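Chains X and V, in that order, are what the protein sequence lines are.
Numbering-wise, our numbering puts 125 at position 112 of the first sequence, and it's gapless, one number per residue.
Numbering-wise, our numbering puts 36 at position 11 of the second sequence, and it's gapless, one number per residue.
Each hint should be verified, as a subset may be incorrect.
[What the hints assert, rightly or not] Chain X is faced by these chain V residues, among others (derived, beta-carbon under 7 Å):
#: 1; residue: L75
#: 2; residue: L84
#: 3; residue: Y85
#: 4; residue: R88
#: 5; residue: F109
#: 6; residue: G111
#: 7; residue: A113
#: 8; residue: M130
#: 9; residue: R244
[Stated by the list, open to error] Residues of chain X clear of chain V, computed beta-carbon distances all greater than 10 Å:
#: 10; residue: T93
#: 11; residue: Y158
#: 12; residue: V214
In short, the hints are calculated from the structure, not lab data.
Values in this document were obtained by computation on a predicted structure and should not be read as measured data.
In this text, a Cβ means the ideal position worked out from N, Cα and C, and glycines have one as well.
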Amino acid sequence: MDSMGIGSMLIVSIVSIAMGSVITTQTALQIESSWIPTWTVGFVSRTSIVMELCPTIISLLLVGNLGSRITAEIGSMRVTEQIDALEVMGINPASHLVLPKVLASLIVNPVLIIFSIFFALVGGYLTILITGSVSPYDFIDGLTYCFRVYDVVYALTKTFVFAFVMSTVSSFYGYRIEGGALELGKANTQGIVVSSFIILVLNVLVTQIML
Amino acid sequence: MIEINNVSKYFGDKQVLFDINTCFEEGKVNLIIGRSGSGKTVLMKCLVGLFSPEEGTVLYNNRDFHHMPDTDQRKLRAEMGMVFQGSALFDSMTIQENVMFPLDMFTDIPFEQKLERVNFCLERVDLHDVNRLYPAELSGGMMKRAAIARAIACNPRYLFCDEPNSGLDPKTALMIDELITEITHEFNITTVVNTHDLNSVITIGETISYIYQGRLEWRGSSDNVLTSDNELLNDFIYAQPLTQRIRKKL
């Protein structure tokens, strides 16, 4: 869990700050009408970041980072007969190797997404401070305007679903490797592509169900 | 004793083992020899339960391994130790953790006793001061010895070694052979070794089963392996120039 969570913190925080900065800048550029209050920039940025960008984009990022790590780890254990060694000892490799990874993902991913939301909002705030396109007070007003806990529940529900997909699909592709290093590379790519596709489809489904 | 009765194995339509009948005796080093691709590893995987044969039985002291309930199979597996071709030590664990792993899984003895057993096994395979090292920090021969230590950690009744000498220099290979023989006799283990190393065949093979294209072609011991009149066996044994010279002198 340590290696999965702490190892991903840096990349998650960098991407989140950049994402928050870009979404705030673009929102500020789109809302130039004097009829629309300036706090809308904070409100729209927060809604986009909490409900869509962080849960989905960061989950896709984690597929590339943690998912490929899971595939490579289990796959290399398969290639080097470590999984066979477990089987000979009478230990179920699936429960011994896959279950801890699924549980770790279900715990770590939501924590990373919460950090990601925080960093994205900080990124947006820093952008406002630097560019001065909107007053910082208005931006913070927008961030807190009509805040619903349900939005966070929705974001975390999506994260749980995506974490489960990422860990199980990546483990599956690692576990079923037959051959050597070439197959390991292929399995890694397949794991990432299939996980990402399923996550995007489930994103639509969960959104339809929950909103 | 392990008895193999009429074992056949298929991968799809392709048959790789044909009606194998042989037995591996207790307290002896039993070799399975043959060319690469002859079915040695498949046979060994059938023995340890990594593959299930479509036909035939594998009996461990008259207990049918492939047709027993899962719980009994798990108990029997606890009596097995296996040394894989590439050692198969767990990369993420230190050598101490690797050797302790089967003890963690199958015993509930206190940590101090486990550590004592780990140190005994490592001493037995002549590995010193490696407890805190990771497999990647060891040489090939040391990794093999660590794998043997892990395999004997739970006092197995059956020890399986898949090409234990592959990739090792002749002297280290000899050391591994001697170690396997000593351990087999010391703990009265039924040891099955898969090999195509001729030194092993001549020096440690107390019983030898020669597999050719998935069929048991010859069975004997190191005493008569060099003097057999089986042509297929002789093709295998005397394939190298060095052994051809020995044959001329015989």
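Would the least Cβ to Cβ distance between X/V214 and chain V come out above 10 Å? 33 Å, holds
Classify the hint on V/Y85 as holds or violated, based on whether any CB of chain X lies nearer than 7 Å to its CB. Where the cut-off is 7 Å and the nearest Cβ of chain X is about 13 Å from V/Y85, the hint is violated.
So is X/T93 really clear of chain V, every C-beta pair being over 10 Å apart? 5 Å, violated
Cut-off 7 Å, beta-carbon criterion: hint that V/G111 touches chain X: Holds. Min distance 5 Å.
Tell me if the interface restraint on V/L84 is satisfied: Cβ within less than 7 Å of some Cβ in chain X. 18 Å, violated
Please verify that hint: V/M130, Cβ, nearest Cβ of chain X, below 7 Å or not. Status holds, d = 6 Å.
Outside-interface status for X/Y158 - nearest CB in chain V farther than 10 Å: 48 Å, holds
Using 7 Å as the Cβ threshold, decide whether V/R88 counts as touching chain X. The hint is violated - V/R88 has no Cβ within 7 Å of chain X, the shortest such distance being about 15 Å.
Quick check on the hint: V/L75 CB to chain X CB, less than 7 Å? 6 Å, holds
Any CB of chain X closer than 7 Å to the CB of V/R244? 25 Å, violated
Would you settle whether the hint for V/A113 is holds or violated, based on the nearest Cβ-Cβ distance to chain X being less than 7 Å? Check passed: Cβ of V/A113 comes within 4 Å of chain X, closer than 7 Å.
Hint check: 7 Å Cβ-Cβ cutoff, V/F109 to chain X: 4 Å, holds
Hints 2, 3, 4, 9, 10, counting from the list given before, are not met by this structure.
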